[in-house]
Amino acid sequence: MDSWFTLPLIGLLMVSNLSLLVVNDWRRLMVILAVQYLVVFSLVLSLWPLGMAAIKLIGGWMSLAVLAAHPPQPEALSANQPPRWGTVVRVLALGLIWLVVFSISPMLSDATFIPWPMMTAGMLLVWSGLLQLGIYRQPIRVIIGLLTLLSGFEIIYAVVEFSLLVAGLLAAVNLGLAFIGSYLLTASEMEDQT
Amino acid sequence: MLTLLPALLLLLSSVAVLVLRRVKSGFGIGWLVSALTILLVWGLVLSYRWLIPAPFVLDDWLKLNGPGLPLRFVWNPVSWTFAFAVISLLFGVLWTTPARFESQSSPATWSANLALGGVTLLAVIASSPAAVLIFWGVIDFVELGFMALAQNSARQSGEIVTAFFFRFLGLLLAVAAFAIGSLDTPNLTLETLSPRAGMWLLGAVGLRLGVLPLHLPYREEGTARRGLGLTMRMAGPAAALLMLPYLPAGTIPSGIQGLTLALLSLAALYGSSRWVLAKNEIEGRPFWLIAAAAAAVIAAVKGAVTASLGWSLILLIGASPLFLFSHREPLYRVFLLPAWIAMSGLPLTPAGSTWSFSLAAGFEFADLVTAVAHTFLLVGFIRHSLSEGLPPVSFEPWMRFTYLTGIALVGVTLWVDGLASGLITGFSPFWWAGTAVAVLAAGLSLAIFPRRGQTAERKEAPLGGSIQTAAGFFNQIFSLSWVYAILWGLYSILSRIVLAFTAVLEGEGGVLWAVLLLALLVSLLSGGGT
Amino acid sequence: MSAPLIWILFPFLVSLGLIFLRRFQKLSYAISAGLSFFLTLAALMLPLQTVFRLGPLNLEIVSSLSYFGRQLSITSADRLILVLIYSSGGFLLLGGWVSRAPRLLPSLGLMLLSVLVAALSVQPFLYAALLVELAVLICVPLLSPPGEKPGQGTLRFLIFLTLGLPFILFAGWALGGTGLNLTDTRQVNQALFLLGVGFLFWLAVFPFYTWIPMLSSETHPYSAGYVLNLLPPIMLLLLLDFLGSFPFMRGLPAFIAALRLVGVLMVLTGGIWAAFQENLGRLFGYAVIMETGYLLLAFSVPNAAGLEAFSAALIPRMVSLAVFSLALSLLRQARIPLTLTGIRGCLKTRPFTSGALVAALLSLVGLPLFSVFPVRINLIFLLAGESIPVMAASLAGMAALLVTVVRVLDSALRAPQPQKDRDEQLENPADLDSAQKPENWQEILFASGGILILVMMGLFPGLFLGGLPGILSAFPLLK
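First to last, the sequence lines map onto chains P, L and E. If you're matching positions, the first sequence starts at 0 in numbering that gives the first Met the number 0 and goes up one per residue. If you're matching positions, the second sequence starts at 0 in numbering that gives the first Met the number 0 and goes up one per residue. If you're matching positions, the third sequence starts at 0 in numbering that gives the first Met the number 0 and goes up one per residue.
Just so you know, not all the hints are guaranteed correct.
Stated by the list, open to error - Quick list of simulated restraints, FRET-style, between CB atoms:
#: 1; chain 1: E; residue 1: 99; chain 2: L; residue 2: 258; range: 51 to 59 Å
#: 2; chain 1: L; residue 1: 399; chain 2: E; residue 2: 415; range: 38 to 46 Å
#: 3; chain 1: E; residue 1: 66; chain 2: P; residue 2: 6; range: 20 to 28 Å
#: 4; chain 1: E; residue 1: 99; chain 2: P; residue 2: 95; range: 32 to 40 Å
#: 5; chain 1: P; residue 1: 101; chain 2: L; residue 2: 183; range: 42 to 50 Å
#: 6; chain 1: L; residue 1: 489; chain 2: P; residue 2: 103; range: 38 to 46 Å
#: 7; chain 1: E; residue 1: 46; chain 2: P; residue 2: 34; range: 53 to 61 Å
#: 8; chain 1: P; residue 1: 95; chain 2: E; residue 2: 476; range: 40 to 48 Å
#: 9; chain 1: E; residue 1: 466; chain 2: L; residue 2: 361; range: 50 to 58 Å
#: 10; chain 1: L; residue 1: 511; chain 2: P; residue 2: 61; range: 25 to 33 Å
Stated by the list, open to error - Which chain E residues face chain P? A few, computed with CB under 8 Å, are given here:
#: 11; residue: 39
#: 12; residue: 40
#: 13; residue: 52
#: 14; residue: 133
#: 15; residue: 140
#: 16; residue: 146
#: 17; residue: 158
#: 18; residue: 161
#: 19; residue: 165
#: 20; residue: 172
#: 21; residue: 183
#: 22; residue: 248
#: 23; residue: 250
As the list claims (entries may be wrong) - To list a few chain E residues with every Cβ distance to chain P over 10 Å, as calculated:
#: 24; residue: 26
#: 25; residue: 48
#: 26; residue: 277
Hints were generated in silico from the structure; no laboratory data involved. For each residue, glycine too, the CB sits at the ideal point set by N, CA and C.
Chain P on its own, in the form it takes in the complex (with noise of 0.2 Å):
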């Protein structure tokens, strides 16, 4: 794979990461995602034909869909910290992550014969993921932090998977996350039904 294609979709996924952290304006964090689902997808390609690379693209894009059709208040995303400090932390926090994943990346790369780039595009995912979890409490934003997890694991297992029924079972995964973000959003509104 050229680097020279890559190398810019790693920095569009570094972008991402960290806007994820430090932006909590819905419409924002939906468009970032958008962003993160067509970078996966351009890498995606490199590997796939165009037909199967789409299932990335839309099974992605119709996550945010469902995701977006029920916007939440806005302190159902922003983090327990005071402003300020807390983007530090989470800022200093994913700094540390990428210093991880680029002196780790090259190791798991060898180990497992996974092409450098796309390892490394997919732990960038994976770990930014897991740093969104560890650091946030409300459902929309464990939903992104999965979401985004996910998309790091399947641009990695798209080095060794290439069924197409897989591609689409994990895109379900992706919209069943979607749908059930946007359950948890409402649910406390829902009649009570107990």
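On the provided structure of chain P, position chains L and E as indicated by the hints.
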């Protein structure tokens, strides 16, 4: 099936009494069924001394491959000795029941007595690990159920659950003992216990009896203390003490034998002193159990298996006539004599032989302490038997007959059991030990207890002064409240640590902490793998 | 007609229909529990791969259903697994009715059963991971029903179980996709690592079990009970299914050591943590953790007896946990706070419910007379043969849980709380009426029925558990 017949008869009659209670409103028929059943079962058990039924084995109880865990019930000399003691005790309880018709007795308690008797009988003839554990558990739960129904204060509920905690802990220790034993002996039974298993089993028995480490069972409160209360109180110890004669030699490693004996001696001394100073025999009963159980375990630790059997019998039936002795007249006290003499330690008595067997296994300092404890037990027996009871004014002749028969039979049982089990074998070179105890106990009793016509002040004086003060000091130490305070302190510290750890793992960043712990676990495992 | 159609697709479609019937609770429960029992009976009686007559018709139930080149396959060897899943599901759904569980339980509960059966029967294995994820997603509305704010436990549940998905998919690829070279220890170790981590997440093994006590204290006890009762054993059956294709793995010392380590950690930490809990919901969670630990320890015994011990432990575990969650639900229904202080005096005021609670706890400790005892003692004996320290740790876990039982018992035995204190703990003054009402006949029936089943299984284990090792016939290569 003959093996289980006595127990099944008791269980069936228990149901029958309850049914009769529903059908007929009168007391009489229910009691008659109980009394006749126990007479029949008593005879049946007695006959098993000579007509030993074949073992009853349920091999495929669990129906799994592996250790097997059959249920096995056996009549052998040891189980017969205990079974006869249990049945005689139950005989005494049920036949003295008419005396308590007006107060604590009802068809429900007779039925419970019969059921508990049946279960205890199964517990003492159980000889495989699974059977032993199940019937220990059944006895515990039955007792727990009754205590839960009878308890009426927060303090008592605390005492009940603490007592059962130790008993269940003993049960878990017994599971460990049997599991270890099964490594040494496939198809493990009580007869084939290895020393390695024996050590843990002894610990389990100690925990269940409350002597190792010493812990106080709940006090005697609630109803039915003389009838059902006695059966309940003796069921657990009977099932636990049964293990002692099966323990192989060398059970306790010599390294820890001294410490074990020292702790047991303290328990024996404490229990016996509290027994002698107790307000009455019912309040003193837990201490009687502790003292006699400690003596039995001391003998087992020394390797004097027969002596431990002797002490076990003394525990179960030695003072039981006194525990049933609710209605008193001077002449009635004669019926307590067989029991006291049997326990006295004189030559050719069960206790005398117990001393002979104990000393034949070697002399330890603990024997000296046991002798003092034994003396206190005998003195206490006399003291409590001399106190006043309820007047038998409403006794009809048949009631007097059954009451006194019940008490006498329990007293005589110690002799019968002693002779049948081979405990009483004749004169031994150590006859002096038991005799010394008997003489000392008789002398002390004569010196401190009042004779007819003495004043009330004289009655209280001997025990009022320095002995009470000294006892108070020891009570403070042995009440174990300080131990519980320390344990509670440790629990609180550990609780804070656990809750702090929980807060970290379940709080913000918990997911990342979990990932970190996973990394640690993986590195630990990969280190282990290499 | 095919078996997957009967045991997967049919209940799935019915469960979809039940979502629309959720307002008719009795009907929903009757249909879902009834269908579960019907499918249990069908699994026991209907012959597979054999032509049989049904009235004028000649029928044959084929065992597999193909889609896109993949298969859902249910053979005769899987019958007992179907019986296990649908019978436990049926009983649990029946209990849901009396425990007033969330309205979605009959529909989503049945859907969960069908999806889990699909996960067990799909070939190749890696598709099971995706079906498990679907099952996890189904559980979320069950655990966080409409009208309630989603708790952190539910979110952690979703996070940790979803995290397992990538690892299992990679393990599936490492083992199946490339054709495993057994002589390449590096490759085997990689595959083992991925599989192990995946199942660590799925089975909620230490340190990923924090969501269990959180979940069980936040959500309706019966919903939590339903999910926690079904998921861990079925995950373990999936592991068996996986290992059935690679039986050499079960004999690997590293695999056994790992199972023992995590098993011991779960039993010990679960027991010790339980000893300090005030909240009964959390206590339930720790009991679940311990039980999974014991299942793992049984699984770590590397012979047929170990597998039998594992399979035989499934039902007693399920029954004990079901009775536990039922008792908690009934107490909650009576507006009794699910804390040690809250249940003060309950043995006097609600004897059957609190009796069931105590009996379930005693059973989970592994004490005689109750359902878990026979299989637990069997396991302890097996572990003694493998490793005395592991056996001692297992017993220590039981002893630690015993501390909790004693605390619960002490609280339940004490005099009831003064009315004033109890009123203050109630969130809604209207709850006072519920708290003072005596147990109704349904509560008495279910609670006493639960106790009876626990005792019967404890006394006659051969009768109830003797056939369970038969589920191992679905994994013929495992020994």
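Verification of the supplied hints:
1. 99(E) / 258(L): 51 to 59 Å: For residue 99(E) and residue 258(L) the Cβ distance comes to about 57 Å; the hint holds.
2. 399(L) / 415(E): 38 to 46 Å: About 45 Å separates the Cβ atoms of residue 399(L) and residue 415(E), which means 38 to 46 Å holds.
3. 66(E) / 6(P): 20 to 28 Å: violated, 41 Å
4. 99(E) / 95(P): 32 to 40 Å: violated, 48 Å
5. 101(P) / 183(L): 42 to 50 Å: violated, 59 Å
6. 489(L) / 103(P): 38 to 46 Å: holds, 43 Å
7. 46(E) / 34(P): 53 to 61 Å: holds, 57 Å
8. 95(P) / 476(E): 40 to 48 Å: Between residue 95(P) and residue 476(E), where Cβ atoms are some 45 Å apart, the hint holds.
9. 466(E) / 361(L): 50 to 58 Å: Distance hint for residue 466(E), residue 361(L) holds at roughly 55 Å.
10. 511(L) / 61(P): 25 to 33 Å: Once the Cβ atoms are compared, 30 Å apart, the range 25 to 33 Å for residue 61(P) and residue 511(L) holds.
11. 39: Violated, about 28 Å.
12. 40: violated, 31 Å
13. 52: violated, 38 Å
14. 133: Since the shortest Cβ distance to chain P is 7 Å, the answer is holds.
15. 140: holds, 6 Å
16. 146: Holds, about 3 Å.
17. 158: holds, 5 Å
18. 161: holds, 5 Å
19. 165: Holds: closest Cβ of chain P sits about 4 Å from residue 165(E), inside 8 Å.
20. 172: Status holds, d = 5 Å.
21. 183: violated, 12 Å
22. 248: Cβ of residue 248(E) sits 20 Å from chain P, so the hint is violated.
23. 250: violated, 25 Å
24. 26: holds, 15 Å
25. 48: holds, 26 Å
26. 277: Given a closest Cβ separation of 23 Å, the condition holds.
Checked against the numbered hints listed earlier, the structure breaks hints 3, 4, 5, 11, 12, 13, 21, 22 and 23; every other hint is satisfied.
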